[in-house]
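Each protein sequence line maps, in turn, to chains A and B. Residue 210 in the working numbering sits at position 210 of the first sequence, with consecutive numbering throughout. Residue 105 in the working numbering sits at position 105 of the second sequence, with consecutive numbering throughout.
Fair warning: there could be bad hints in the mix.
[Unchecked claim] Stretch by stretch, here's where chain B covers chain A in the computed footprint (C-beta under 8 Å, at least three residues):
| hint | segment |
| --- | --- |
| 1 | 23-29 |
| 2 | 42-52 |
| 3 | 55-64 |
| 4 | 120-127 |
[To be verified] Each computed EDC-like pair below joins lysine to aspartate or glutamate, with the alpha-carbon atoms no more than 16 Å apart:
| hint | chain 1 | residue 1 | chain 2 | residue 2 |
| --- | --- | --- | --- | --- |
| 5 | A | 181 | A | 155 |
| 6 | A | 61 | B | 16 |
| 7 | A | 181 | A | 242 |
| 8 | B | 97 | A | 37 |
| 9 | B | 24 | A | 203 |
| 10 | B | 24 | A | 47 |
| 11 | A | 129 | A | 73 |
No lab work stands behind these hints, which were simulated from the structure alone. Source: prediction; values computed, not measured. Note that the Cβ used here is the ideal one computed from N, Cα and C, for glycine as well.
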Amino acid sequence: MLYGFSPPTRGKLHIFGMNINTHFRRIKARIGVCQQENTLDPDLSVEQNLHVFAGYFLIPKKEAAERTRELLDFFALSHKKDSKVMELSGGMARRLILARSLINRPELLILDEPTTGLDPQSRHQVWEKLEELKKTGLTVVITTHYMEEASRLCDRLVIMDHGEILVDGSPEDLIDRYAGKNIIEIEGPDQALIEYVKEHAIEHDDLGRRLILYEPEGKGLNNTIRERFCNEKCIYRNSTLEDVFLRLTGRELRE
Amino acid sequence: MIDPSLFSLRFLRVWERNLVVYKKIWKVNFLTPLLEPLFYILAFGLGFSGLIGNVKYGGVDLSYTEFIAPALIATAVMWNAFFETTYASFVRMYYQKTFDGMLATPLSLEEIIIAEIAWSATKSVGAATIMLTVLGLMGFVQFPVGLLLIPLAFFGGLAFGAIGMFFTGIIPTIDMFNLPIFLFITPMFLFSGTFFPVSNLPVWAQPVALAFPLYHLAELARLFSIGTNEISPIISIGYLTAFFLFFTNLALGAMRKRLIQ
Numbered sequence: 001m002l003y004g005f006s007p008p009t010r011g012k013l014h015i016f017g018m019n020i021n022t023h024f025r026r027i028k029a030r031i032g033v034c035q036q037e038n039t040l041d042p043d044l045s046v047e048q049n050l051h052v053f054a055g056y057f058l059i060p061k062k063e064a065a066e067r068t069r070e071l072l073d074f075f076a077l078s079h080k081k082d083s084k085v086m087e088l089s090g091g092m093a094r095r096l097i098l099a100r101s102l103i104n105r106p107e108l109l110i111l112d113e114p115t116t117g118l119d120p121q122s123r124h125q126v127w128e129k130l131e132e133l134k135k136t137g138l139t140v141v142i143t144t145h146y147m148e149e150a151s152r153l154c155d156r157l158v159i160m161d162h163g164e165i166l167v168d169g170s171p172e173d174l175i176d177r178y179a180g181k182n183i184i185e186i187e188g189p190d191q192a193l194i195e196y197v198k199e200h201a202i203e204h205d206d207l208g209r210r211l212i213l214y215e216p217e218g219k220g221l222n223n224t225i226r227e228r229f230c231n232e233k234c235i236y237r238n239s240t241l242e243d244v245f246l247r248l249t250g251r252e253l254r255e
Numbered sequence: 001m002i003d004p005s006l007f008s009l010r011f012l013r014v015w016e017r018n019l020v021v022y023k024k025i026w027k028v029n030f031l032t033p034l035l036e037p038l039f040y041i042l043a044f045g046l047g048f049s050g051l052i053g054n055v056k057y058g059g060v061d062l063s064y065t066e067f068i069a070p071a072l073i074a075t076a077v078m079w080n081a082f083f084e085t086t087y088a089s090f091v092r093m094y095y096q097k098t099f100d101g102m103l104a105t106p107l108s109l110e111e112i113i114i115a116e117i118a119w120s121a122t123k124s125v126g127a128a129t130i131m132l133t134v135l136g137l138m139g140f141v142q143f144p145v146g147l148l149l150i151p152l153a154f155f156g157g158l159a160f161g162a163i164g165m166f167f168t169g170i171i172p173t174i175d176m177f178n179l180p181i182f183l184f185i186t187p188m189f190l191f192s193g194t195f196f197p198v199s200n201l202p203v204w205a206q207p208v209a210l211a212f213p214l215y216h217l218a219e220l221a222r223l224f225s226i227g228t229n230e231i232s233p234i235i236s237i238g239y240l241t242a243f244f245l246f247f248t249n250l251a252l253g254a255m256r257k258r259l260i261q
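Let the sequences and hints guide you as you build the complete structure.
Put into structure tokens, the structure is as follows:
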């Protein structure tokens, strides 16, 4: 909806203070979009993909050639400039899509699951590039299912479920608020532990075979559990955004 | 009615994209229009004309090859434009997601579709120009009036490109293009006064032939290459213009329904 792909069904949508219905051209000239699907043009070479795309923004040819060179350089794709898009690895294709979304020097960059399906090396490379872009003052809107990605890249984040905003805040803030400081996961909890947890009103999720305890900072719960209740396997770890997400949206599958 | 602000010259950039791609493969593509008229002229002219003698058309006596030569250009215009906005556009739209990428830019969907139709007409011009050269050298086209076949190819290409684009907008899978080709293009190819004059058809079938856009294109092609035709060129030009506008409008509606969720 943000980049005008689906018209709003209800309400109003404004970007840069302009209505997307009436000013789609002026808005789209100022945003960069990195779609989830690979929409690179397989009939064109790597370089032509950027160059031709610049044409859709009416960027003059000379300027387009210059920006193409810069972006290929920035995304470490210069050596592939004459390759076919089909020959690129997943990571390179993703970088090229990112490069393409920057061809119009956008003020707002919209990324739809930018690292889905990438290997860890490529993913980290994409993250580094995005962090560099962030430093230049570019506003980036990113949608992702990877909580690690969200914690690392986002200053402000919104968790949504079934089209509703559940929470809104910085990653650290959300973790503090909804998952405490530490997590203790206990496999095969016994009755004594369950009663202990209830008695002390400790925040928890009971998954049957597995009990998850959310510990606010410095309660010493950790030691008590370790000494008294750890029968099979216990995991002590810091809370993450993934815990927040699962607590807020529930654990059942979404299919 | 479609909002006129959705159209601008920006569509030329999409047209240009297709040109960039075509420049890589033109050497293969240009063989067909070069060889096709030669094959037809050889097959029909040498093999066939001995059996049928001359054709009476528009009050003139024409050899069979003279009669079909201009129609060959018209059919090439049809095939080139129709194949471009059906198979080729469908691949770009459905498999390559090329239109999705374009829609993230200030281009409107309408501009993309218009550009595709204009490009298909451009391919018709390419094919027609090569055929015109071949047939001209063989003496089947009068010059300089024959040069009018070049703009005519673009004009005719728009009409066939538009209806092709309409089918692309509504067809569920690429295999199903067989249907419009078998039910619409092939009968049109055969019965539009291309290989025999429409006046040879039974009286009841003649109006059907007159409804075919290829009939009007072949008529105009004959007028421009040998100076003879059956019906007023005004009617043919009017019919093709209306056909183009009608199907462009339908194509835009169908593509909007298909691509904008």
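Requested in this report: Check each numbered hint from earlier against the structure, then list the numbers of those it violates in ascending order.
Outcome: 4, 5 and 9
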